Amino acid sequence: MPKVGMQPIRRQQLIDATIRTIASVGYADTTVGRIAKEAGLSVGIISHYFGGKQALLEATMARVLFELHDAFLNRLQNAVTPRERLSAIVATNFDDEQYEPQIVRAWLAFWAQVPFSPELKRLQRIYNRRLLSNLRCELKALVMPEAVAPGAEIFASLIDGFWLRSATSSKAPLLDEIRLQVESSFDRYIHAWS
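The letter at position 8 of the sequence shown is residue 8 when you use our numbering, and the numbering goes up by one with no holes.
To be clear, the hints were calculated from the coordinates, so they are not data collected in a lab. Just so it is clear, the structure is predicted and the values come from calculations on it, not from any experiment. Do not take every clue at face value.
Pairwise CB distance ranges (calculated) [unchecked claim]:
| no. | residue 1 | residue 2 | range |
| --- | --- | --- | --- |
| 1 | H191 | Y27 | 38 to 44 Å |
| 2 | Q77 | P118 | 33 to 39 Å |
| 3 | G52 | S169 | 30 to 36 Å |
| 4 | A192 | D29 | 31 to 37 Å |
| 5 | M6 | G52 | 37 to 43 Å |
Idealized CB from N, CA, C, for every residue including glycine.
Working from the sequences, and respecting the hints, build out all of it.
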């Protein structure tokens, strides 16, 4: 029987190993055996803690989303105005840690699987709703009411679009330039609709 308190440690080891495995061999070739080997644990441990590969992949995406949300909440502590909170959204989504090659490959692998997995689809919906809600909340204080919902959609698409284009580019993303372009777009939109 495992020691008390080992579950969170083992689960995190397996999630980290899943990210590394996806980064090195891709989603299609990520197997329970490869994940277990990468983690230095037995295949049975995956079944014990997750029940199988799909549940482990879902837990991995949930962890990545939680870390993104946690990073955003940390940035919000220093943001006072609605405009500063919009900048916190941009800074979180285009943070150096989010662009580590392993994390980028994991995100892309998960996005590609969303249409085929109800749980991954649910997690993606949570991410989408959270992003739109955060954008609407801050835009409400900065633009006319009729510009809030369309603005949130535009900026969510801009953020996701920049992220996807930079993540699939053969060149390293220029995060400072991306952040500047999104921030400038916010300023122009706010100016046009305030």
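These are the hints, each one checked on the structure:
1. The hinted range of 38 to 44 Å is satisfied by H191 and Y27, whose Cβ atoms lie roughly 42 Å apart.
2. A hinted range of 33 to 39 Å for the beta carbons of Q77 and P118 is consistent with their spacing of about 35 Å.
3. Between G52 and S169 the beta carbons are some 34 Å apart, a value that agrees with the proposed interval 30 to 36 Å.
4. Restraint check, A192 to D29: a C-beta distance of roughly 48 Å breaks the suggested window 31 to 37 Å.
5. Roughly 20 Å separates the CB atoms of M6 and G52, a value that falls outside the hinted 37 to 43 Å.
Checked against the numbered hints given earlier, this structure breaks hints 4, 5; the rest are met.
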